[in-house]
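Student: What follows is the residue order along each chain.
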Amino acid sequence: MSIESIQNDIIDEFSMFDDWMQRYEYMIDLGKALPLIDNQYKTDDNIIKGCQSKVWVHAELEDDKLVFTADSDAIITKGIIAILIRAFSNQKPQDIIDANTNFIDQIGLKEHLSPTRANGLVSMIKQLKLYAVAYQTQLN
Amino acid sequence: MRFNVERIRTDFPILNREVNGKSLVYLDNAATSQTPNQVIDVIVDYYRRLNANIHRGVHTLSQEATDAYEEARIKIQKHFNIAKSHEVILTSGTTHSINLVASGFSSYLSKDDEILVSAMEHHSNIVPWQMLCERTGAVLKVIPMNQNGELVMEDFHKLISERTKLVFCNHVSNALGTINPIEEIIKASHKVGAAVLVDGAQAAPHIKADLQALDVDFYTISAHKVCGPTGVGMLYGKEFWLKKLPPYQGGGEMIAEVTFDKTTYADLPHKFEAGTPNICGGIAFGAALDYMNSLGFDDIAVYEHELLEYATSELLKIEGLKIYGTAKNKTSVISFNIEHIHPYDIGTILDKLGIAVRTGHHCAQPIMDFYKIPGTVRASFSFYNTMEEVDVLVEGVKRAKNMLL
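Sequence order for the protein chains is A and B. Read in order, the letters of the first sequence correspond to residues 1 to 140 in full-length UniProt numbering. Read in order, the letters of the second sequence correspond to residues 1 to 405 in full-length UniProt numbering.
Any given hint might turn out to be false.
What the hints assert, rightly or not - In silico contact screen, one side only, chain A against chain B (beta carbon under 7 angstroms); selected entries:
{"id": "1", "residue": "Trp-20"}
{"id": "2", "residue": "Glu-25"}
{"id": "3", "residue": "Ser-53"}
{"id": "4", "residue": "Thr-69"}
{"id": "5", "residue": "Asp-73"}
{"id": "6", "residue": "Ala-74"}
{"id": "7", "residue": "Ile-75"}
{"id": "8", "residue": "Ile-76"}
What the hints assert, rightly or not - Think about it this way: if two alpha-carbon atoms lie no more than 25 angstroms apart in a straight line, the pair counts; the simulated PhoX-like pairs of lysine-lysine are:
{"id": "9", "chain 1": "B", "residue 1": "Lys-372", "chain 2": "A", "residue 2": "Lys-54"}
{"id": "10", "chain 1": "B", "residue 1": "Lys-401", "chain 2": "A", "residue 2": "Lys-54"}
{"id": "11", "chain 1": "B", "residue 1": "Lys-401", "chain 2": "B", "residue 2": "Lys-322"}
{"id": "12", "chain 1": "A", "residue 1": "Lys-54", "chain 2": "B", "residue 2": "Lys-322"}
{"id": "13", "chain 1": "B", "residue 1": "Lys-372", "chain 2": "B", "residue 2": "Lys-317"}
{"id": "14", "chain 1": "A", "residue 1": "Lys-32", "chain 2": "B", "residue 2": "Lys-191"}
{"id": "15", "chain 1": "A", "residue 1": "Lys-49", "chain 2": "B", "residue 2": "Lys-372"}
Keep in mind that the hints were calculated from the coordinates and are not lab data. By construction, the Cβ of each residue, glycine as well, lies at the ideal position given by its N, Cα and C atoms.
Turn these sequences into a full structure, and let the hints guide you.
Tutor: In structure tokens form, the structure reads like this:
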């Protein structure tokens, strides 16, 4: 599935919720279900700066696709990464680089997009894209 | 009713607003206090009627603005029972005040001199001293704290010696609310000839400090913690020290005479007030102290203590909730965590419910390292908070817990 159609699926899912409570409960569930990062990758090098909670992201190339695993010590942050990973993991690096991130706004998480917000959603997206750029360079 | 909180709340227009569709419950007062109409009006009036640069104009506006600014200095002097008005240096806030002193002491410290700092300092009262130690070769030593968040005074008395030149301590801890025994610290420090700087930023909204009685050498506060605007604060320094320390910044206002060969500095307080100050802020700072004094610090303290006791007992009913900072003597600050839940998650849910708290390390990472936690949720109460707001907080925390566990 393309990044765009996954994003549309996520938008559809979130459109079923009436209020913030349901949205957050869903995110918390996603966070709890997030496949954990392998402990060996939970290093200081893999910590994303700019988050009030700790966030680790690891990327690995499988064939020509980039697979992300991640973890956080805060569950809402974990839910947000789970959404990002669902949209961007297992995709070609170039597609990740080209993808836009408007869907975050559309699922009602706009408040988390502010660059000054302590959870660092912007830093997370930037980090995923940086990994994609790095691996794309390798593939070239 | 002894303390009419409902009437007091009408002074604060921001308390009427909604956040995320809910009535705002503002419990982040230790970060910044809200501003009453009495102060907002002074700020508006300044720009409508009084705005001019001070201390140098011959024209009427400049004279009036100067008078208002200097009147504010006298208000601050009286509020803290300071002997001389020129011992009040108006700064941009506590951080500026501390850096001014740290910079000034560069020339008076040498290798092997010791600086004592408490274990519960804000980063702004740690980093400038570390920088000072790097410049001078002096050694930074830490007064430890116990599990309740109180300084271990036996250790303090062991640490202090003839080598100690400076001692720094906050009057009240921003992260824990502990009121520190500064009288004892000041007395013991003076016995060995050390100067003491007390960071009063967190004490000022709760305690009216008598600086002559305390005999402290330096005391710092920020106006925005006492219902004033941001960007202005006070450094109190004993005349002896302020005369001895070199100027911090060069510029206009702080000079007596300038030639390219030599500049002589202005007298106190102008020696430390280079450039155009925050004139409006200074005047509003004075108005803010007037406002707080009109309510009365004794009554404020009694009421805030009731809020603290009620909130503490209600929050502790929540299973798994732990309060950090349980000193006998503390202000209305409650730092807490719930087992297995990250403070950031609780803060996010509370925000959705219109409740403003602070989460994180509160610029006091050494305290978080001491307790081995990433941070806390901090609810800090002011005299304009109500018992009903405590109930909203407690319900909010319960709801967050149910969602997050």
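Student: Against which earlier hints does the structure fall short, listed by number upward?
Tutor: 4, 14
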